[in-house]
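Spelled out from the first residue to the last, the chains are:
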Amino acid sequence: MKKLAVMITTPPYSNLSVTALDYIKSALNSDIELIGVFFYQDGVLHANANVQIASDEFQAIAHWQKLHQKYKLPLHLCITAAEKRGMSAEDEKSINTIFTVSGLGELVELTTKADRMVQF
Amino acid sequence: MPQTTLKTLAILNTKAPYSSTAGKDALDIALIFGSFEQPVALFFQGEGVRQLISGQDGSMINVKDYLKTFAAFEFYDIEEIYVCQTSLAQRGLVDDFHIDGVQVLNRQDFAQKLTAQQTILRF
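Protein chains in written order, with numbering that gives the first Met the number 0: chain S, 0 to 119; chain X, 0 to 122.
Since the hints were made in silico from the structure, they are not lab data.
Positions of the beta carbon are idealized from the N, C-alpha and C atoms, including for glycine.
Worth double-checking, as some hints may not be accurate.
Cross-link-like lysine-lysine pairs, in silico, PhoX-like; alpha carbons within 25 Å at most [to be verified]:
id, chain 1, residue 1, chain 2, residue 2
1, X, K112, X, K6
2, X, K67, S, K112
3, S, K1, S, K69
4, S, K24, S, K69
5, S, K1, S, K83
6, S, K1, X, K14
7, S, K2, S, K92
8, S, K112, S, K92
9, S, K65, S, K24
10, S, K83, X, K112
11, S, K83, X, K6
12, X, K67, X, K14
13, S, K112, X, K14
14, S, K2, X, K23
15, X, K63, X, K6
16, S, K2, S, K83
17, S, K112, X, K63
18, S, K83, S, K24
19, S, K71, S, K24
20, X, K63, X, K112
21, S, K1, S, K92
22, S, K83, X, K14
23, S, K69, S, K83
24, S, K83, S, K112
Ranges of calculated distance between the beta carbons of each label pair, as one might list FRET restraints [unchecked claim]:
id, chain 1, residue 1, chain 2, residue 2, range
25, S, A53, X, A70, 39 to 49 Å
26, X, T114, S, Y12, 39 to 49 Å
27, S, G104, X, T7, 11 to 21 Å
28, X, T7, S, K69, 43 to 53 Å
29, X, G45, S, Y12, 21 to 31 Å
30, S, S29, X, Q117, 12 to 22 Å
31, S, Q68, X, S58, 39 to 49 Å
32, S, G104, X, A15, 26 to 36 Å
33, X, T85, S, K71, 30 to 40 Å
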């Protein structure tokens, strides 16, 4: 089974998040093993528990939650990028619980283990 | 690291140095891959070529001068640094870089080098 890793650098209010989630779902439905998603730059805002997107707009977090529950998909958060954007590992309420606090070392791990790393 | 053959990573820099943190975010990735002894090649294209031009000092405009850290590339065994000749020419820039070992490539060679890498991350 081919291994895929994804890096998200675009925020939850970007339409690229929709594309990323579509891509990930297609991969999971195509017998591709998604070994993890890494959130970097403005992508870390996906994990910010205080972000609220208007109810008639795309709710990226609901999709991440479903994927995490169904596939136990590892969602790695670059904590340095997250701290710059109002989250803190010490303040558990600031980070959505489906995300794992990580660092760039995890990105190295994912990139080297995966057959392909794709950035959105 | 669990793999047997090392994969090559390209970091494609496309943004000017001081208007966003893209260059610094890309640099952090380059250095972490370097410190894990993973092969990294740096590519500069479009506005990104400005990150290599000498005589800049971000601290004059209160921006952290992360370009200084480029001098550390050799300590991280980052030796492949490519810049797009066309992007330089379009901006009236000459090959006056603040680090050594930068290779100026024409568009075709640049594209060839870039697509030869197994992973490409773009900033």
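| field | 25 Å limit on alpha-carbon distance, applied to hinted pair S:K2 and X:K23 | value | violated, 29 Å
| message | I want to verify a distance hint. Is the separation of the beta carbons of X:G45 and S:Y12 within 21 to 31 Å? | response | holds, 25 Å
| field | 25 Å Cα cutoff - pair S:K2, S:K92 | value | At roughly 32 Å apart (the allowed maximum being 25 Å), S:K92 and S:K2 break the hint.
| field | 39 to 49 Å as the expected CB spacing between X:A70 and S:A53, which holds or is violated | value | Roughly 47 Å apart at Cβ, these two residues keep to the hinted range, so it holds.
| query | Is the straight-line distance between the alpha-carbon of S:K83 and that of S:K112 25 Å or less? | reply | violated, 28 Å
| query | Does X:K67 pair with X:K14 here, judged by a C-alpha cut-off of 25 Å? | reply | The given pair, whose Cα atoms are some 17 Å apart, holds under the 25 Å limit.
| task | Given the hint that S:K83 pairs with S:K24, test it: the Cα-Cα distance must not exceed 25 Å. | result | Given that 25 Å is the threshold and the Cα spacing comes to 29 Å, the pair is violated.
| Restraint status (C-alpha distance of S:K112 to S:K92 at most 25 Å) | Violated, at about 31 Å.
| field | Restraint status (C-alpha distance of X:K63 to X:K112 at most 25 Å) | value | violated, 30 Å
| field | 25 Å limit on alpha-carbon distance, applied to hinted pair S:K112 and X:K14 | value | violated, 29 Å
| query | When you take the CB atoms of S:Q68 and X:S58, is the distance between them in 39 to 49 Å? | reply | holds, 47 Å
| said: 43 to 53 Å was suggested as the range; check whether the CB atoms of X:T7 and S:K69 agree with it. | reply: The hint (43 to 53 Å, Cβ to Cβ) is violated, given that X:T7 and S:K69 are roughly 34 Å apart.
Going through the hint list in order, the structure does not satisfy hints 2, 5, 6, 7, 8, 10, 11, 13, 14, 15, 16, 17, 18, 20, 21, 23, 24, 26, 28, 33.
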